[in-house]
Amino acid sequence: MNSPVPPGAALPDHPDFLWRTPEPKPSYDVVIVGGGGHGLATAHYLAQNHGITNVAVLERGWLAGGNMARNTTLIRSNYLWDESAAIYEHSLKLWEGLEDDLGYPILFSQRGVLNLAHTEQDVRDSVRRVEANRLNGIDAEWLGPDEVAKICPIVNVSDDIRYPVQGATYQPRAGIAKHDYVAWGFARRADEAGIDIIQDCEVTDFVVDGDRVTTVRTSRGDIACGTVALCAAGHTSVLLDRLGVRTPLQSHPLQALVSELLEPVHPTIVMSNAVHVYVSQAHKGELVMGAGVDGYNGYGQRGAFHVIERQMAAAVELFPVFARAHLLRSWAGIVDVTPDASPIVGHTPYANVLVNAGWGTGGFKATPGIGWAFADTVAHGRPHPLVAPFALDRFVTGALVDEHGAAGVAH
Amino acid sequence: MTAELSSGVELRSASSPVVLTRRHPLEGRRATLEALTGEPSITLEPLVSAVDLRVDPDGGAPEAIAAALGGTLPRSPDTWTELPDGVALRLGPDEWLLTSAAADPHRWEDRVDALAAPHGGMAVDVSAQRVGLRLHGPAARDLLAFGCSIDLRPTAFGRGRCAQTLFGQAAVLLVAHAEDDLRLHVRTSFAGYVVDRLVDTARSLRPTPA
Amino acid sequence: MSRVDGYGRIDRTRTLAFTFDGVGYTAHPGDTLASALLAHGVTTLGTSIRLGRPRGVMGAWTEDPGGLVQIEEPFPEPMLLATTVDVVDGLVARGVAGQGRLAEVADTARYDHRHVHCDVLVVGAGPAGLVAARTAARAGLDVVLVDDRPTPGGTLTGTETVDGRPAPEWVDAVVAELAAAPHVTHLQATTAFGHYDDGFVLALERRGEGSDGGARARDHRIRAGRVVVAAGAIERPIVFEDDDRPGVMLASAARDLLHRHGVLAGREVVVFTVDDSAYAAALDLRQAGASVRVLDGRSEVPPGWTRRCAELDVPVEAGTDVRGTLGSDRVRAALVGESRREVPCDLLLVSGGWNPTAHLFSHVGGPLRWDPELVAFRPAGELPRTTVVGAANGTYALADVLREAGGEDAPTAPPEEITPRGMLWRTAGDPARQFVDIARDATVADIARAVGAGMTSVEHVKRYTTIGTAHDQGKTSGVLASGVTAELLGRPVESLGTTTFRPPFTPVPFAALAGRDRGDLFDPVRTTAVHAWHVAAGAVFEDVGQWKRARHYPAPGEDMAAAVLRECAAVRGSVGIMDGSTLGKIDVRGPDAGVLLDHLYTNLMSTLKVGRVRYGVMCGNDGMVFDDGTVLRLAEDRFLVTTTTGNAAHVLDWMEEWLQTEWPHLRVRLTSVTEQWSIFAVAGPRSRDVVGRVFGDVDVSNDAFGFMTWQDTTLDGVPVRLARISFSGELAFEVSVDAWHAPDLWARLVAAGAEDGITPYGTETMHVLRAEKGYPIIGQDTDGTVTPHDLGMSWAVSKKKPDFVGKRSFARPVATDPQRKQLVSLLPTDATTTLPEGSQIVALPDDGRLPPPPVPMLGHVTSSYRSAALGRPFALALVAGGRDRVGEVVGIPVGDMLIAAQIGGTVLVDPEGARRDG
Amino acid sequence: MQLITCPWCGPREETEFRYGGQADLAYPADPSALDDEQWARFLFFRDNPKGTFAERWCHDAGCRRWLRAVRDTRTYVFAETGPYGSFPRRSARPERSA
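Residue numbers (my numbering), protein chains in the order written: chain S, 36 to 446; chain R, 394 to 603; chain U, 11 to 928; chain A, 109 to 206.
Simulated from the structure, these hints should not be mistaken for laboratory data. What you are looking at is a predicted structure, and each value in this text was computed from that prediction instead of being measured. There's no promise every hint is true.
To be verified - Restraint-style ranges between C-beta atoms, simulated for each label pair: (1) R:His-499 / U:Thr-839: 50 to 60 Å; (2) A:Thr-183 / S:Pro-188: 39 to 49 Å; (3) S:Ile-189 / U:Thr-422: 40 to 50 Å.
By construction, the Cβ of each residue, glycine as well, lies at the ideal position given by its N, Cα and C atoms.
Given these sequences and hints, build the entire structure.
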């Protein structure tokens, strides 16, 4: 038998107190709709950076129970375009100090990410991104198959697979964190600052006066508001529909899964867009994997099983040793995707309603960065420079930040 | 795979001019299929002429074309009928696949096209677009069930039925001739994959004694 | 040995040998690893993950939270429950300390998927499932019956009576009837693990390691008209101090071990229950030779059971409870009642009632509701296509189960007395030693901390404490955690609910889900009609979409660079031949064919004359280029469109989409002829000689056969189409023939070109040659953000057409920005460096050194090659305002160097176009 | 894992279909008459309801016909599927051999 306490099995102790369960007050300076990572981070930075604490965070279910509880916790900043790289790199820098900032053990582990290339075009795209990252001051390297195998020996870099690994980009500072603890850490600090976190409080409508929203109607009564900050991810369209505001957002299921606890085999994070799989091994030892986005619109927090099967096929191709690992649990979140795979942040047609949405599969890694920049935007009533490129009007001008190549959906 | 593919191929030199001859796209896999023991047998179908017929289903065009060809065209979705030296498969509301073992491909296209033209229809030669396999034996449907999601029970897919669907990751056209006799048509570029997958499945279902 | 004669369905005539933790043991066919070890008195299997406490078997089957093992032989498999591992000869296993180990080598076992259709799928072959399956079979329906255990019967132990017969006889009779019925498939050792929309259920059949090439596990993908969930129920423990000690076991588990495996799990037994069902366990174990004492937490004990207990000398105490245990690796005493009286025992059986196994009902959104009488969450509400029967529905008494599952056709069983169930989550004691989830070492104290921290949702509590996240996914601990949390919050348990059940019901190996989609079968390998020739000629292939395309044909000793230089020189100097059959081809027919193409291409196609060829570009609605290719007008009402290799299906889909959903009035039909026609490019100054030699009856002179025209001919009676199309700037012909004759025609062309040294060339050479002429590759020199104007192709954008797809977007402000990235060439000024494709481009600083980041980027290198014709490397690039920068020198960071390169126009070879006509 | 009823081929697995998003969005009669805002709305802005949604699907691996579906995005249940636009009108779907 092995040692009684296996390495990595010990989890940190949580603080004894996290948040109050207050009744909503009749009015707040800022009402944040959505008690997920982004909403809680926005609340924290409103208090910490701007001294704004007469704030409510409204959550329709349990705190951070949406995508924050359902993502695969990847953190990286190796994006192609300057605008994306800037916000994600700002976020990564905040991640690097977040444990101290929050006083909470969020298990942030910078273990690096490999983005595999399987075709000649993958290689070109990879080099392009690595070079762009370097010029933007983001750590990035292009690695050949042998170097990939050195960093992650379990990746099959042989020629005898359907789409052989031609190499990978590598960002050493990329990592993972424990999603729940991040949310709880932000919530605890926000609560300490006097911000009211109100669960089981669904926003049902808005009372409008001219170009302003005066009151947020909720399942727990009306709440008057100074500014409304929407951080509702997949449900943003539902909220904006109530205000008659249309966006290019589409909500899709995105599935993920975990294995049982395993002895350490996978020291880094591996992503492969070509075969739609990404995988890391979390602190307790489970393999955490994400799949591609399910094809159709859906709010059901569940996806189709063939997506998982395809993902498992890709995983076993790339990691032959995974064959007898077990799928223990699968689930789905609701991701809100935009035509250019970049977020929508900033003003709406309503003067006091600000939106932060459309993060697609990138929301978790952006959490501190967007919390910081969105809080600044809310506090000053103008877009922070980091979010300015992500305004809704870019779809009118055509100035997209196209992170997935071909922009635009079918007519 | 290389060995199978390279069989029958030589890098010809100028001294050996070739007369153009039909080559079965799966020639390189014929020996593998013949070596399979047990049932169902998987055999290569002969190459036949085929056209994709597009014509308005209403207004009597299918009936007129069928009469001229000396057969019938299927009226129901996903069904097939016999033609004098081939079959007619209903692929879609205004789409049929008509085959002929006797006519040359371009003559077959010309003939059906001429019949369809007065009705605003048209025919396009797709003889070499697909290749056919025959699965024959009581376990034919079971073998397909390892790659096809459609309901292959004889009650749902009896003689006279056809279906465009997926076998694994490849699009195929299945045709039911009898409970133990099915044909599978697949685009030639995918045919190697389909045969390899069928063979892999068949081998796993017919354990060879140690 | 704790094996009891006369019990169990094991084959005692045969003995198997296995090893656990390095010690050899024996077992019998029918044994699980758990039963075999318990038979040998091995009760501690491993240690717990956080606290290192001993762990043993607590449940009978997949609900067991304690007995995890690692398989080492015949092949390493992590984290299996000993209760679910069938012993085979030579099995090597060991206990685990919370983490499993993966093999270091690939698993060569096969796994497959099989699609199944049926009218009725019954999940569970216990009494409810057997009756339900029999009823459906008798009605003539197609039935699939799956059950996760190796043998049918479910929780029937053999002591029951059905239709007046001993239960085993009845089970055998039903199984025989099902086997004889047509259209019934009955699979044991098959776990229905996931239920999705429209009657779709996934069931994993475990088929053994096997040595005959068959699948080790088979994933049945079942589409059922109706799903009958008869999955039974799982017994619930009661929490008390040190309840995690080996020897503490669910009452049902001890009973199951006895009746299935002939194993008496203890000799001195205490049964602690608030539910009648544990009395059966008490009596069975007593009859098998144990001394047994029942402690009933309820003040009122069931009179019938009590009477039978008295007959067998089993004392029953009412209104008492177990507060804790004593022992080290195994329980040696229960601490009973407020006085914590020591009651010696080597087995402490617990029953807090039962939780219906409604997972498959829940997977498809079926709601569960608290039933205070049942003291459990049970299915509530109707679902289309899904029925829950028997214990899974909260119906426990056998007679009721049979009636519920069988309707009019139901067998009968004697009535049972039922005493009201007690609701008891935990007894009084030290919360820090009261384990709720022994798989995660999570205690009542952990829940109390979570609640104290402000948590009120069971989802939060689960995440804070990790309860229910282990291999068993909380089968025994989930509802318990809800109950304890509710108690601590002072709220009714129904207001908390449970955490969500999600697939899979039990863990499933990754490889079983991958099935046959591995290796070459992971994704189809598409090949052309001439593929075998390329293989024989030693081609190196590249993946383009699913296609294998010959990338180059190295001569012995050549690397790719050398081979490509040679192939390029051959095409520019004499003649080369390339297999272009992977290009997508679409036959566009009908009176409105030209109208459709005018809508979809940026340029005019309707004006193309029959016999001529035109190059065209397609854009999306956003104005960005997404494909290009040549269009041949075959007849007034017929065009042949070619697409790029990787985009062929997408372009056909795109055209069909417009045609069917937007312009259905157009009289046009589209037919894919990609595989119908093979296309060979014969390119180079001697191509006319080669083509003329093969097609003697065609006048291939420039006057008779002009550039961008096509002609039909025949060869040996086979129709062949020739076209003067060039993607290299050289005199070139495209030769098309049906795929059947392609191998021979290729050979014929190669033979005819021998005297000119005809050289087969691959995609890499093609890429170099086209780049020298500035022709873009869509998807390489474009990335979905590039307009035709950016590519310098304004000439291909019609100004006459009122509209075409993408046109409106060209008028957006961003499309006319002079700083848009435009396609240009780059010549490294050192004339020796081949710029890596993908490299970024920056302004060249005066000192020639890269400044510190951030450095503004001007664009990137899209294509880069060594050119035989130019005798130097060159590149194509997208550069901001590039066409206005021609002549400027920019910098390209390559490793630690900053390489200078001069921007130029895109056409580097033969800008006058003199070579095209030979 | 939907079983989607193709109006032509009958019920088939979701894997045979391609999703086409919101239905009934007509290409503008004269795009050049639209201002940038209006063009952007056509290009990028789509309904995203939580509930009933009229959608387009294409039976890619079968008859390749587009179909129009009404589906609930919460439960994923299809309320109806029918031919899209040009689909030839038929009096009734012919009987399938049972």
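How the hints compare with the structure:
Here the CB-CB span from His-499 (chain R) to Thr-839 (chain U) is close to 56 Å, well matched to the stated 50 to 60 Å. Between Thr-183 (chain A) and Pro-188 (chain S) the beta carbons are some 45 Å apart, a value that agrees with the proposed interval 39 to 49 Å. In this structure, Ile-189 (chain S) and Thr-422 (chain U) break the distance hint of 40 to 50 Å, their C-beta atoms being roughly 58 Å apart.
Checked against the numbered hints above, the structure violates only hint 3.
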